[in-house]
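Chains A and B, in that order, are what the protein sequence lines are. Sequential numbering from 657 applies to the first sequence in this note's numbering. Sequential numbering from 14 applies to the second sequence in this note's numbering.
Since the hints were made in silico from the structure, they are not lab data. Keep in mind the model is a prediction, meaning the values are calculated, not measured. Yeah, the Cβ is synthetic: ideal placement off N, Cα and C, and Gly gets one too. Be a bit skeptical, because a hint or two may be false.
[Unchecked claim] Heads up, simulated DSBU-like pairs for lysine-lysine below, C-alpha to C-alpha not over 35 Å straight-line: (1) K55/B <-> K709/A; (2) K69/B <-> K757/A; (3) K55/B <-> K726/A; (4) K667/A <-> K121/B; (5) K69/B <-> K667/A; (6) K121/B <-> K757/A.
[As the list claims (entries may be wrong)] Anything over 12 Å on all C-beta distances counts as not near chain A; from chain B, calculated: (7) S86; (8) D96; (9) L112.
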Amino acid sequence: DAGITQSPRHKVTETGTPVTLRCHQTENHRYMYWYRQDPGHGLRLIHYSYGVKDTDKGEVSDGYSVSRSKTEDFLLTLESATSSQTSVYFCAIGPGFGTGKYEQYFGPGTRLTVT
Amino acid sequence: QKEVEQNSGPLSVPEGAIASLNCTYSDRGSQSFFWYRQYSGKSPELIMFIYSNGDKEDGRFTAQLNKASQYVSLLIRDSQPSDSATYLCAVFTGGGNKLTFGTGTQLKVEL
Numbered sequence: 657d658a659g660i661t662q663s664p665r666h667k668v669t670e671t672g673t674p675v676t677l678r679c680h681q682t683e684n685h686r687y688m689y690w691y692r693q694d695p696g697h698g699l700r701l702i703h704y705s706y707g708v709k710d711t712d713k714g715e716v717s718d719g720y721s722v723s724r725s726k727t728e729d730f731l732l733t734l735e736s737a738t739s740s741q742t743s744v745y746f747c748a749i750g751p752g753f754g755t756g757k758y759e760q761y762f763g764p765g766t767r768l769t770v771t
Numbered sequence: 014q015k016e017v018e019q020n021s022g023p024l025s026v027p028e029g030a031i032a033s034l035n036c037t038y039s040d041r042g043s044q045s046f047f048w049y050r051q052y053s054g055k056s057p058e059l060i061m062f063i064y065s066n067g068d069k070e071d072g073r074f075t076a077q078l079n080k081a082s083q084y085v086s087l088l089i090r091d092s093q094p095s096d097s098a099t100y101l102c103a104v105f106t107g108g109g110n111k112l113t114f115g116t117g118t119q120l121k122v123e124l
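With the rest of the complex left out, here is chain A (with noise of 0.2 Å):
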């Protein structure tokens, strides 16, 4: 998995309950992202970081929260979990921009269920 981390890998949680997910690299990427992947929909970006305390939203950014204080390290936060974000959770690292390389690597992804 290109030295890429996720934990929890599974979690089930309440809905309402805070939780948040962590991404873990050792590849020092500047940039990093998290998708989520749901039957039908395919992967779908929530929010991305391009570099430490820079981050955007992508297409599916409400209700989630994110934050990157070390190179290394990217969280992602439900505030109020609902059983719509029940979903498995890809944390990736790429592309090296600048470098010439655009290739995008995945972590082994985090199974989350609210109830």
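Got chain A sorted already, so can you dock chain B onto it with the hints?
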């Protein structure tokens, strides 16, 4: 119109045959193109990328890019049951700093 379109399948091919997976994209400014393989319950795995018009071969895989027609394809030669997975097409458009994914084509290689 979706930005990146793929036939959802399933595409069924017999073992040993050539599997052909197709993807079309809408943004003519798209620069880089990627194919990911995803097994059920696993994360997407990058298997091919192509930046220039033409063909790129890597083992049993060939990626083909035609920017004029705005399509990219993936050929898998000598298909094996282990190739059974969902294949995601992704496109990088330079202005957005992000990839856009198709919804994937499910491939089934039958014995």
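Quick rundown of the hints versus the structure:
1. K55/B <-> K709/A: holds (30 Å)
2. K69/B <-> K757/A: holds (16 Å)
3. K55/B <-> K726/A: holds (27 Å)
4. K667/A <-> K121/B: holds (31 Å)
5. K69/B <-> K667/A: violated (40 Å)
6. K121/B <-> K757/A: Given that 35 Å is the threshold and the Cα spacing comes to 31 Å, the pair holds.
7. S86: holds (18 Å)
8. D96: D96/B is indeed farther than 12 Å from all Cβ atoms of chain A, at 19 Å.
9. L112: violated (6 Å)
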